[in-house]
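Please construct the entire structure, taking both the sequences and the accompanying hints into account.
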Amino acid sequence: MGKKLYHGAAYYPELWNEEVMEQDIRMMKEAGINVARIGEFAWFTMEPEEGRIDLSFFVHVIDKLYQNGIETVMCTPTPTPPIWFTHGHPERMYVDEHGTVMGHGSRQHACTNNRYFRERAAIITEHIAKAVGPLPGVIGWQIDNEFKAHVSECMCETCKGLWHEWLRERYGTVEQLNDAWGTHIWSEYYHTFEQVPQPGPAPFLHNSSLRTMYQLFSFEKIAEFSDEQAAIIRRYSDAPITHNSSVAFHVDNERLFQNLDFASFDTYVQYDNSPAYLINCDLFRNFKRGRDFWIMETSTSWSASLESYAMAHPNGYLRAEAVAAYALGAEAFCYWLWRQQRAGCEQPHGSVISAWGKPTIGYQSVLEVEQARKEIESVILSTTPAQAEVAMTYSDRSKAFLKTEPHRQLNHRGLVTSFYERILSLGIHRDVIPEGAELDGYKLLFTPFIHYLSDEYKKRAQAFVEAGGIWIVGPLSGGRTEQHTIHTDAALGQWLESLAGVETLYTYPMEGTGTQGQAFGVSAPLGLWSALFQPTEAAPVGVTDGGLAPGTAFITERRHGQGRIVMLGSMPVGEEGDVLLKKLIDHYAAEAGVTLRTDVTNGTIVAPRQGEDFTVWFVVNMDGRGGRVTLPRAGVDVLTGAEVQPGVLQMGPYEHRVVRFPN
Amino acid sequence: MGKKLYHGAAYYPELWNEEVMEQDIRMMKEAGINVARIGEFAWFTMEPEEGRIDLSFFVHVIDKLYQNGIETVMCTPTPTPPIWFTHGHPERMYVDEHGTVMGHGSRQHACTNNRYFRERAAIITEHIAKAVGPLPGVIGWQIDNEFKAHVSECMCETCKGLWHEWLRERYGTVEQLNDAWGTHIWSEYYHTFEQVPQPGPAPFLHNSSLRTMYQLFSFEKIAEFSDEQAAIIRRYSDAPITHNSSVAFHVDNERLFQNLDFASFDTYVQYDNSPAYLINCDLFRNFKRGRDFWIMETSTSWSASLESYAMAHPNGYLRAEAVAAYALGAEAFCYWLWRQQRAGCEQPHGSVISAWGKPTIGYQSVLEVEQARKEIESVILSTTPAQAEVAMTYSDRSKAFLKTEPHRQLNHRGLVTSFYERILSLGIHRDVIPEGAELDGYKLLFTPFIHYLSDEYKKRAQAFVEAGGIWIVGPLSGGRTEQHTIHTDAALGQWLESLAGVETLYTYPMEGTGTQGQAFGVSAPLGLWSALFQPTEAAPVGVTDGGLAPGTAFITERRHGQGRIVMLGSMPVGEEGDVLLKKLIDHYAAEAGVTLRTDVTNGTIVAPRQGEDFTVWFVVNMDGRGGRVTLPRAGVDVLTGAEVQPGVLQMGPYEHRVVRFPN
Amino acid sequence: MGKKLYHGAAYYPELWNEEVMEQDIRMMKEAGINVARIGEFAWFTMEPEEGRIDLSFFVHVIDKLYQNGIETVMCTPTPTPPIWFTHGHPERMYVDEHGTVMGHGSRQHACTNNRYFRERAAIITEHIAKAVGPLPGVIGWQIDNEFKAHVSECMCETCKGLWHEWLRERYGTVEQLNDAWGTHIWSEYYHTFEQVPQPGPAPFLHNSSLRTMYQLFSFEKIAEFSDEQAAIIRRYSDAPITHNSSVAFHVDNERLFQNLDFASFDTYVQYDNSPAYLINCDLFRNFKRGRDFWIMETSTSWSASLESYAMAHPNGYLRAEAVAAYALGAEAFCYWLWRQQRAGCEQPHGSVISAWGKPTIGYQSVLEVEQARKEIESVILSTTPAQAEVAMTYSDRSKAFLKTEPHRQLNHRGLVTSFYERILSLGIHRDVIPEGAELDGYKLLFTPFIHYLSDEYKKRAQAFVEAGGIWIVGPLSGGRTEQHTIHTDAALGQWLESLAGVETLYTYPMEGTGTQGQAFGVSAPLGLWSALFQPTEAAPVGVTDGGLAPGTAFITERRHGQGRIVMLGSMPVGEEGDVLLKKLIDHYAAEAGVTLRTDVTNGTIVAPRQGEDFTVWFVVNMDGRGGRVTLPRAGVDVLTGAEVQPGVLQMGPYEHRVVRFPN
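Residue numbers (full-length UniProt numbering), protein chains in the order written: chain A, 1 to 663; chain B, 1 to 663; chain C, 1 to 663.
These aren't lab readings, by the way, just hints derived from the structure by calculation. Careful: at least some of the hints might be erroneous.
[Stated by the list, open to error] Partial chain C-side listing against chain A, Cβ under 7 Å, derived:
#, residue
1, E14
2, F41
3, W43
4, H104
5, Q108
6, V174
7, N259
8, L306
9, M311
10, A343
11, Q347
12, A355
[As the list claims (entries may be wrong)] Computed cross-link-like contacts, DSSO-like style, restricted to lysine-lysine with a CA-CA straight-line distance of at most 27 Å:
#, chain 1, residue 1, chain 2, residue 2
13, C, K358, A, K458
14, B, K458, B, K583
15, B, K160, B, K221
16, A, K458, A, K583
17, B, K358, C, K64
18, A, K358, B, K458
19, B, K3, B, K288
20, A, K4, A, K374
21, A, K374, A, K64
Think of the CB as a built atom: it goes at the ideal place given N, C-alpha and C, for glycine as much as any other residue.
Okay, here's the thing in structure tokens:
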């Protein structure tokens, strides 16, 4: 890895015969597929009966692919344990929040914490690692598949026991747990860890701490399984390891990728919502910084199952997606899937070729991607994504907090993406970073929708501010403790309020109160659960009008060290709210001295990359409506070699341009 | 049967006393009720304790009715096994897809595959058949009641065992099942039939084959139960046997009626949706061809339960319903129910008389039906429905496929009815026929929404085409195999594509792609999952404009033998789509030489019937808005004896006219 | 009690430390809180281990409060049994209608009918009563908390046994139950009481009698538990006992309060729906007539849980609420809660002070309430609510009937409140009374939405009419028997039809039939399930136009004794329906000689109170839009002492005025 751009597809040779495989490989070469991901559901093929393991088929496949110039990402097959594991063993199966025990026949039906599951998973993975690890075709590994995509927190008896262990480790004594969770409330108090329930059926809501901690426990356990699997593979292979994850799954991606080698994600965002696609690129690039990420799965045209489908991509969109991905740091752009399934529940899903071996409606787009890949490969390989000056923190732990406490059905991904979209639309080059990311290199940091700010995070943010950064906190950030309880020293905690130089006067749901927020010359309705401030050391930047507490600050700013901390206590909503938020971002980007931004029109992106002594702009129209951007100086069109003049560059629908500027 | 038109009602004398029965019978005579259906929920009355069986009450009732000129359809009481069967026996009860076990107190709560249920059902039915079979009043039988109306596929342990047996019979070896279902996918593979699960709780969707086959298994089992019951009755009675079914229930009506003697159905379509009513008449007429069907249940005005109700019929509607039914081949038009229930969960349901023995709001309509029945009886009895030239195939098996694979919540009944409505609205006399129906006599055959075309069906359709028929295939037809998998030789299977002279280029969901279909001078948006064609031997008739593959055929036509095969690969939608579809139907009706059609206005129907040397048109306004139709020649108004001139016949709201033309 | 107006808050000192308690008490005094309700969830604090009971903390709290001038309502803590009761004892837990067993960690998770629960509840309550009963600070008691707010009818095995006992007591023999419920239907018949199921999972609806009776059983059992608890307390304390109930809970409030000393309720109606708030005052005043009620819980601004929130009150609304409550007969106006929870699932709920001990956004409103309370206390204490001349009967049993038989998702509370709102909007002083209330003093009685009229009720209503009252029956009243079956002598029962001098011709759902009702010069569409009448001795007052039975009476009037009985067979709907209903109310109020009404504008109320030789009007604007009312004569503004002239009194938003008139 690291030496080319990959263009790949998920491949299931175990479902077809040798003849079909020959045809597949021939057609893959025609389509420019240079990497195949295999094996993630093939446990049965590898171990048809318990203990009878035979990997020769996959050795054969990998070799055959390799002989044809196609490299392989090998997967562990643990999402689908065979019938010999599941049949007659309800105690090994996933149990949902209603207590329903899953049966055989779908995927993720086993509890990944079941001890015997872990044992059998370790055995099969070790066999695979041993058998295919040494093969020259194997350039990478994928653990399992889309952890926790269909399921969330398992409620089985095994998990109950592990939950109690996990609590014991976290809290030491049950008394400390009781204190932390405030279990005197509703006489919840536990005398032993064994008495702490899983958050199953109850007449009304469980304690917030119980609900959030059970999610964090589940996050940790699935990551632990991934760690175990990776450790086994590493004993036999040096190829890097990943997992095809997503912010839609019930995992803590930051924790999950901690012990993996590179980040990858699956995405089936519909074409008319490209910011929700781009945020993935900007985020997954940062899980393993300095290492290109992979798009491990996307559709050539539409995703589908027996019971649903997304709209097919317009012609041109797939290429735009691929170019944007490579430009934003992807090393690979891979399809799910190569050949349409003939059976199962994903038969209708889009693919490169059909179940009858013919090009699908997406095939032409695949050829276009390949064409583009070839054209941009050398410029991509000789550059890296430019260091962003603006970052927004993303937290899956925060998603867990919001799942516990959604106020009015708030959706974490929706909130975060919508905030991100505004930064994007201002033409700002940006990173979306995990909570634990170092903040070096940034000038402006956004921390929206993070109920609980960890001490480590706060420490880093404070240092960032002191060193000259501008830190914008909110909305909905800081109001909960690590235990998912309310602070008792100040609404947002004494530390944050002191640093920000404010006292939070009130927190309450702002909807329906008729409150307008005035800031940056704009007046907009305020929404979401809000905090209103009495500036102590800070200056008011946004002030309320109307509502229950007119004339109160909802945005404040305070200089601290070389930088500033800005509190955003409420969410401006509606069209004016959008304007206000963008003005805020624009204002602080200017104040922070952000230079890496363009006047690119909405729906088109500029992805700047840095070469040794030059800069490259990848300009891609993502919305099919075309657009434009002003080039600040003359450059060279990398694809044509032609000179490009400064001034407005017009972009056609889904068009991409690559412009090189001397440094 | 066969000698009069019946006008009937469901009757529950076991719920009332002798005095009420006297009143009921007196009032039935006044209302013109000449047949009562009894006994279907009376198992307790017949066998209050296990083994203590006494049918004398029903013998008495039947005799009493008969003495008063009212004949009887006797039912078996198996939908409601008494408490001695159910209490303390959860293993005998129906289990739903979530694993929930039903309790006593509603209906269809027992598993009809439970062995002891079958045993007790056989015993009570034999006793009934013996006791009432010889009575002169018994003119017909009904097995059970509305099979699978409230439940679908049972998941109990008994069913699990039978499922495994059924699979063994169907597939012979488990290896053949694995091959057929493609169970290497997701490591589903089974080593024994006993390992094949029922499609219960799972994190994501089950394999399509599993889901569809479990439905077909359930279809077969309920039909088998019906067969068993019918066989018992036949040992003691020559009266014909039916079941009161519906396309809304989870049964395969074609299979169910195979071993029954005449078809009947229950209908509670609301008055403002008369095509959904008429399709039943056109379909059920064809389950037992040459034998008149029965409407076994309909409401005099509104249907209701404790938790819902439909709107009451406008005055006049019930008579229009009855006349249309008789004209379209019904021998009987029966109400549910005679006397409003005083207890239970259907107390609010409409009836002929109230629980306190008085006429209901529907009573006057019942008198009007009786008046009409008397007036048309002789002309109905001396004619038969004219042979239709146009047929549309209806398949409950296809409904099962669509339940497994609904794309975006597609509703089989809605799709089919909507297609039917267009044929109806063009004034074409039509049949809706089961898959197994012979095609003799038809000129034009529609096969929409049938995922899987069986070999037998294809053979018959090919012969039909070769003999000069026009066969229109699609939308959504032919794309799945018998096993509910994807073809691997061609999108719609090699057989069909060869015959149609096309190669399917692409199949994909058409919504949102901006694709217009151009055909018959109309341009309409295309929707639903679609197939686009490369005509090989065929001619393009409809071609796409815009979208992902502009200029591609979505309608093709090929001459074959004396006839033609037309592929309809996509669904024109919206108002223009409606126009396009009607133009298509109109065009091919003309091409096929369909003559049995009129210019009747929408909302009014013409039901032609054939006498020895004359034709009769029943013209009925169904929508309450009146209408008109052009009479091609002079005739006689059968109801008045007056001459009717050629030309426009005006119809008042809900009016019916009967016009006789010499041949 | 009885000597001041209370202004209170729910208080949870067991969740905080002594220092916080000191702060709390200091701040309570500042805010004018003079009563605290404590202990209702503190079972763990009181009895941390089974049998180890220590009430000293609460003795301390109560004393401390008392020393600071704050009195206490002491609660029994039974909604939240501690983990020693629940852990490992699924048989003690609540089971819902799907058979799901609740776990520890929320509230109302135990079955209140479990014998061991009752035993432990009796023990803890006796200890509490003994320990704190003698304290001077304890001025009242609350049993448990919001019975059946989160749960409804428990389906556990204990309940099954009690259900059978209850049935045996009610019906004597199972044969009588079978007759009453009509169990021959669907072969439901039971041979023993033990066979009668609980209304759990079934393929379709259960028998109406079963469903309604199970609700009544549940009503009785929870009231029995309340009785038991109250009896224990009375052995040690003379302080009056209540329960904080609501019409939203699954209880029969009339039965529940039968053995309690005063009525109280919790209300979280949003500010924009004040009639739904006011109906509570007008109803709960009448559960214990002659005894002021308490508002035991309301929010200072908004209610919330982790998963939902209501909109915050506008400034001024809380004071209007409080003044209206006191004026309408409340002795206390109490908040939930004093100090925001720091943990649990109600952290986000509005409060008086925050978790960090600061005023919330609602705090200022609390001060305004206190100011108003002080200003009106003496006039309230020297007066009582004026005797209403108009009453509307409210029945929780009727709510149970409607839950069993909701027609089309009818909502009892919505129907009743909407009817009430019309009386309110006409400026009529009114009572909402339980079924068992005496009718002395009323001139006009409304009985809407009461499916079943008991013999006692009918007897009282008849006497009321004979003595000169006007009784308006309907809509939806009288059509079911005590057993929730249909009458068999007449649609609404012979007794009612005879008394009303009508014969019900038809009952049917009126929607969609195009029926207009003509009455009082208005024509309005008719809706809901309706009864149409043939007047026998009555006069038609409203007659249908169009629809299925044009020209039929839907409102009739008959003189009987000195009074009249008016049948309202249908529900006028839409804007015209609203007009028609108001005309009807207005007309009969005039006919009945109702004098206690004003021309107050909609959204403002007048609450008249009677002193020894004077009358006081409390005029309160509830909708924030201001309003006006005509004063009939000169009076004195009680708050300012100024004279007030006859004529129009203008009211500002949320303003209240208190005007005293000499008698």
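Hint by hint, here is what the structure shows:
1. A hinted interface residue such as C/E14 counts as satisfied when its beta carbon comes closer than 7 Å to some beta carbon of chain A; here the least separation is about 5 Å, so the hint holds.
2. Nearest Cβ of chain A to the Cβ of C/F41: about 5 Å, under the 7 Å cut. The hint holds.
3. Contact between C/W43 and chain A, as hinted, is supported at the beta carbon level, the nearest pair being about 5 Å apart and thus within 7 Å.
4. Checking C/H104 against chain A by beta carbon gives a least distance of about 5 Å; that is within 7 Å, so the hint holds.
5. Interface restraint check: C/Q108 against chain A, minimum CB-CB distance 5 Å, threshold 7 Å, status holds.
6. Given hint, C/V174 at the interface with chain A, is violated; its Cβ is 33 Å from that chain's nearest Cβ, farther than 7 Å.
7. Hint on C/N259 is violated. Least Cβ distance to chain A is approximately 25 Å, over the 7 Å limit.
8. Look at C/L306: its Cβ gets to within about 4 Å of chain A, closer than 7 Å, so that hint holds up.
9. Here the hint on C/M311 is kept, as its CB sits about 4 Å from the closest CB of chain A, short of 7 Å.
10. The criterion of a C-beta within 7 Å of any C-beta in chain A is met by C/A343, whose closest approach is roughly 3 Å, and the hint holds.
11. Of the supplied interface hints, the one on C/Q347 holds, with its beta-carbon coming within about 5 Å of a beta-carbon of chain A, less than 7 Å.
12. Because the closest C-beta pair between C/A355 and chain A is about 4 Å apart, less than 7 Å, the hint holds.
13. Distance hint between C/K358 and A/K458 is fulfilled; the C-alpha atoms sit about 25 Å from each other, no more than 27 Å.
14. Distance check on the hinted pair: B/K458 and B/K583 sit about 26 Å apart at the alpha-carbon level, within 27 Å; holds.
15. This hinted pair checks out: B/K160 and B/K221 have alpha carbons roughly 12 Å apart, not beyond 27 Å.
16. With a CA separation close to 26 Å, the supplied pair A/K458 and A/K583 stays within the 27 Å bound.
17. Between B/K358 and C/K64 the alpha-carbon distance is near 72 Å, which puts this suggested pair outside the 27 Å criterion.
18. Note on A/K358 and B/K458: the hinted pairing holds, with a Cα-Cα distance of about 24 Å set against a maximum of 27 Å.
19. Distance hint between B/K3 and B/K288 is fulfilled; the C-alpha atoms sit about 18 Å from each other, no more than 27 Å.
20. Between the alpha carbons of A/K4 and A/K374 the distance comes to roughly 10 Å, so the proposed pair stays at or under 27 Å and holds.
21. For the proposed pair A/K374 and A/K64, the alpha carbon gap of about 23 Å is at most 27 Å, so the pair holds.
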